[in-house]
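Asker: Model the full assembly from the supplied sequences, consistent with the hints where possible.
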Amino acid sequence: MTTASATVLINWGWIGRNLGPIGDSVVEHLVLTAPPVAFGFVLSFGLALLARRYRSLYQPLVRTTGVLFAVPSLAFFALLIPFLGLSRANAYVALTMYTLVVLLPNIVEGLDGVPADVTEAADAMGYSPSKRLLKVELPLATPVIIAGLRIATVTIIGLVTVTAFIGFGGLGDDILTGYNRAFPTQIVVGVTLTAALAILADVALLWLQRAVAPWRQGV
Amino acid sequence: MITFESVTKRYPDGTVALDALDLEVADGEIVVFVGPSGCGKTTTMRLVNRMVTPTSGRVLLDGTDVAEREPAALRRSIGYVIQHTGLFPHYTVRRNIGTVPELEGWARARRDERVDELLDVVGLPPEVAERYPHQLSGGQRQRVGVARALAADPSVMLMDEPFGAVDPLVRSRLQEEFLRLQAEVRKTIVFVTHDIDEALTMGDRIAILGEGGRLQQYATPRELLSDPANDFVKDFLGEERGLKRLALIPVSEVSAEYGPVVYPDDDRAVAERSADAAGLDWVIALTEAHVLLGWISTHELVDGPMRDQQVRPFGLHVQAGDSLRAALNAMVTNQSAVAVRVSEGDVYEGLLSQQLIAKELD
Amino acid sequence: MEVFLEGVLWLFDPENWSGINAIPDRVREHVVYATVALVIGAAIAVPVGLWTGHTGRLGNLAINVGNLGRAIPDLGIVAIAAVLIGFGILPVILALIALAIPPLLTNTYTAVRGVDPEVRDAAEGMGFTGWRLLRQVEIPLALPLIFAGLRVSTVQVIATATISGFIGRAGGLGRYIFDGLSMFDTPRVVAGAILVALLGVLADVGLSRLQRAVTPKGFAAALAEREPSPAAKA
Numbered sequence: 001m002t003t004a005s006a007t008v009l010i011n012w013g014w015i016g017r018n019l020g021p022i023g024d025s026v027v028e029h030l031v032l033t034a035p036p037v038a039f040g041f042v043l044s045f046g047l048a049l050l051a052r053r054y055r056s057l058y059q060p061l062v063r064t065t066g067v068l069f070a071v072p073s074l075a076f077f078a079l080l081i082p083f084l085g086l087s088r089a090n091a092y093v094a095l096t097m098y099t100l101v102v103l104l105p106n107i108v109e110g111l112d113g114v115p116a117d118v119t120e121a122a123d124a125m126g127y128s129p130s131k132r133l134l135k136v137e138l139p140l141a142t143p144v145i146i147a148g149l150r151i152a153t154v155t156i157i158g159l160v161t162v163t164a165f166i167g168f169g170g171l172g173d174d175i176l177t178g179y180n181r182a183f184p185t186q187i188v189v190g191v192t193l194t195a196a197l198a199i200l201a202d203v204a205l206l207w208l209q210r211a212v213a214p215w216r217q218g219v
Numbered sequence: 001m002i003t004f005e006s007v008t009k010r011y012p013d014g015t016v017a018l019d020a021l022d023l024e025v026a027d028g029e030i031v032v033f034v035g036p037s038g039c040g041k042t043t044t045m046r047l048v049n050r051m052v053t054p055t056s057g058r059v060l061l062d063g064t065d066v067a068e069r070e071p072a073a074l075r076r077s078i079g080y081v082i083q084h085t086g087l088f089p090h091y092t093v094r095r096n097i098g099t100v101p102e103l104e105g106w107a108r109a110r111r112d113e114r115v116d117e118l119l120d121v122v123g124l125p126p127e128v129a130e131r132y133p134h135q136l137s138g139g140q141r142q143r144v145g146v147a148r149a150l151a152a153d154p155s156v157m158l159m160d161e162p163f164g165a166v167d168p169l170v171r172s173r174l175q176e177e178f179l180r181l182q183a184e185v186r187k188t189i190v191f192v193t194h195d196i197d198e199a200l201t202m203g204d205r206i207a208i209l210g211e212g213g214r215l216q217q218y219a220t221p222r223e224l225l226s227d228p229a230n231d232f233v234k235d236f237l238g239e240e241r242g243l244k245r246l247a248l249i250p251v252s253e254v255s256a257e258y259g260p261v262v263y264p265d266d267d268r269a270v271a272e273r274s275a276d277a278a279g280l281d282w283v284i285a286l287t288e289a290h291v292l293l294g295w296i297s298t299h300e301l302v303d304g305p306m307r308d309q310q311v312r313p314f315g316l317h318v319q320a321g322d323s324l325r326a327a328l329n330a331m332v333t334n335q336s337a338v339a340v341r342v343s344e345g346d347v348y349e350g351l352l353s354q355q356l357i358a359k360e361l362d
Numbered sequence: 001m002e003v004f005l006e007g008v009l010w011l012f013d014p015e016n017w018s019g020i021n022a023i024p025d026r027v028r029e030h031v032v033y034a035t036v037a038l039v040i041g042a043a044i045a046v047p048v049g050l051w052t053g054h055t056g057r058l059g060n061l062a063i064n065v066g067n068l069g070r071a072i073p074d075l076g077i078v079a080i081a082a083v084l085i086g087f088g089i090l091p092v093i094l095a096l097i098a099l100a101i102p103p104l105l106t107n108t109y110t111a112v113r114g115v116d117p118e119v120r121d122a123a124e125g126m127g128f129t130g131w132r133l134l135r136q137v138e139i140p141l142a143l144p145l146i147f148a149g150l151r152v153s154t155v156q157v158i159a160t161a162t163i164s165g166f167i168g169r170a171g172g173l174g175r176y177i178f179d180g181l182s183m184f185d186t187p188r189v190v191a192g193a194i195l196v197a198l199l200g201v202l203a204d205v206g207l208s209r210l211q212r213a214v215t216p217k218g219f220a221a222a223l224a225e226r227e228p229s230p231a232a233k234a
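So the sequences go chain by chain: H, Z and Y. So for the first sequence, the working numbering puts the first residue at 1; every next one is plus one. So for the second sequence, the working numbering puts the first residue at 1; every next one is plus one. So for the third sequence, the working numbering puts the first residue at 1; every next one is plus one.
What the hints contain is simulated information worked out from the structure, not anything from laboratory work. We put the beta carbon where it would ideally sit given N, CA and C, even for glycine. Be careful, since some hints might not be right.
Stated by the list, open to error - Incomplete in silico selection of chain Z near chain H, CB under 7 Å: (1) Ala67; (2) Arg69; (3) Ala72; (4) Tyr80; (5) Tyr132.
What the hints assert, rightly or not - Some residues of chain Z that are not near chain H, with every Cβ distance over 12 Å (derived): (6) Met51; (7) Thr85; (8) His134; (9) Ser137; (10) Ala278; (11) Ser297; (12) Gln354; (13) Gln355.
Answerer: Here is the structure:
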């Protein structure tokens, strides 16, 4: 390990020479992010609909998943090792669970947040329960749900870096390698790009959140 | 026609929302359900479109038990207006109004035509159609709510405090306009309000519900005011019951006295004799054609024909169609004990006195 | 499955409770790191949050610090700190402090800002100003949300302290995981994971009880709407 006098200047040359591998890291990062978020969303959605139908399920479900949130991600990955080894499946399962923790309460609250007089009017107009969900409740809950998706996505992008310790990592791998080689440039590249990905995703989804709701004053 | 057959609604925690209601709403009439909060009036209304099911008893719509009809189809055939409108925030006004037609599978063109028609009926400008609810004022939103309920031209409408969320000025206007509309379309309407004055204005018949959901009285507004069934009803009608009654009786129902009239060619003696005979110190001046000019005080009479006398105008006239309450108002405004009644063109018809009006209240 | 059970058994092996690398020592290290970071972090974040919330200034900064904190990976902060400061566990502590600040800052700011303006108005009308207003009105009402921020920070700090184990000279429960991984000693990995998971959950549950205790009655329902969803990076 080097001392504080280690080079702090960023080695732009290195960056220039390694755009390929850096790009690969970014891609791998995305490949590790997208499936858990997507699948976690679908799972949360299904559970949310169930929880609204069978209200008594909701509290226990939220409490159980809520506990997961306090478990450090590295520990989660580690706990899965006896069952899933150091595999992509390990990463996916853990990351999907974290997505669930954020999205399940979010989707339920989004749907519950539709004003009562609107759902009552929908029933009274003659919308069947499934039509009501599809045409009234979901569209109105969508902005809130996308806001939750933003939080989930940013969180997962950050957590993916930790998978470097079980052999993946995407940009987290660059951070770790940079550390092991006492090569700050690579660490900085890893950190900056991860943050950039997170911010981009957040902004893109924010734009989507606004675009989906032309009927809202402000946001 | 809507029939309530001994309908009771009891909730699991024991509260009785409605207690053995037996009532019929005839076709084409507005029946207002009114009472203090918790009296079951909204429950009654929601029994008709199966948003609530009775614990016992039946609700019949045109002879068929509503429980036998498929809920969504039933509701599409009934217009529904609630206090906060429940307009869909994510639909434009056009799509909101067209909700039921869309559910019923109407073609786009037919829907659009109907929406344009309805906007006109409820008094909204056409450009409102492409706006979203949050861009409208409260009064405009209420009108859209009514338009939406009317869209599929249902024969039955349920209205729960539909004009409640706007200020009194807008509310009066909406009430007036709606009554004018109803005069043309004659829908069968169940109207719910907690405001007795609104009930008296809107209802052909009024059902007063008391606590525990029990029907206290079911009658026309005039019957209610002249013959309240019990103390509860009396209290509910309020202290100004007499005045409210007067508001419902037209001037034409009270016989007017002719009073002492003089014409332009009559002389002073005629005037004095007329006044004397009536026990008054003034006379009513008319033209040859019986058009009202005003009144002349006997103390100010000078020698000569009436046309040369000092004539003072009456402050306020009433017509046959005005209410007795308006007549009373005229008396107070004119600071006199009589109101003058005229017809079109100020043609004199007679005098109304406070005693005559008071007699009506017996 | 057996490996998992071995991990559990590892925890009960008396050998692991004494000597170097003993369980009590590691737990203590972990708790000490976390506590120091949280105390210092709170000492910085809370006053700043209170001030920006009370005066309303620099609000955007407060919110954006929170957002940025979420976007930057914890691993990266630790790694950079470790490379820049080559000695001792100082980089770890500094990194943990840096991570503890954003949630606390954002939450404290939002909590104070979110005090019902009518309540603030009424208090000012009664003669509360400046410091007294803050202390007797705004802070008590903001406390529940501030505690929520503390929860998020705590979970995050405990998690990052775990990750810091990859730095050779660092302590904490993460050591078991990293040592186990490099020695292919899976039961050790599992044991470490169980310990740190328990620590995280206990801390969270404890703080949530505390949060409920400082929530004024009749306030809970209104606050539940404003509490942020669990969004810490673990």
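Asker: Against each hint, give a clear statement of whether it holds in the structure.
Answerer: For each hint, the structure was consulted:
1. Taken as an interface hint, Ala67 (chain Z) does not check out: its beta carbon lies about 16 Å from the nearest beta carbon of chain H, beyond 7 Å.
2. The beta carbon of Arg69 (chain Z) is not positioned within 7 Å of any beta carbon in chain H (closest approach about 11 Å), and the interface hint is therefore violated.
3. Because the beta carbon of Ala72 (chain Z) sits about 5 Å from the nearest beta carbon in chain H, less than 7 Å, this interface hint is met.
4. The closest approach between the C-beta of Tyr80 (chain Z) and any C-beta of chain H is roughly 4 Å, which is under the 7 Å cut-off, so the hint is satisfied.
5. Nearest Cβ of chain H to the Cβ of Tyr132 (chain Z): about 4 Å, under the 7 Å cut. The hint holds.
6. For Met51 (chain Z), the condition that its CB be more than 12 Å from all CB atoms of chain H is violated, with the nearest at approximately 6 Å.
7. Not every C-beta of chain H lies more than 12 Å from that of Thr85 (chain Z), the closest at about 7 Å, which undercuts listing it as non-interface.
8. Look at His134 (chain Z): its CB is around 5 Å from the nearest CB on chain H, not clear of 12 Å, so calling it non-interface is violated.
9. No beta-carbon of chain H comes within 12 Å of the beta-carbon of Ser137 (chain Z); the shortest separation is about 14 Å.
10. The beta carbon of Ala278 (chain Z) is kept farther than 12 Å from every beta carbon of chain H, the shortest such distance being approximately 62 Å.
11. Taking the minimum C-beta to C-beta distance to chain H, about 62 Å, the non-interface status of Ser297 (chain Z) holds against the 12 Å cut.
12. Every CB of chain H lies more than 12 Å from the CB of Gln354 (chain Z), the least distance being 48 Å, so the non-interface label holds.
13. Distance check for Gln355 (chain Z) against chain H: the nearest CB is about 52 Å away, which clears 12 Å, and the non-interface claim stands.
Hint violations for this structure: numbers 1, 2, 6, 7 and 8, all remaining hints satisfied.
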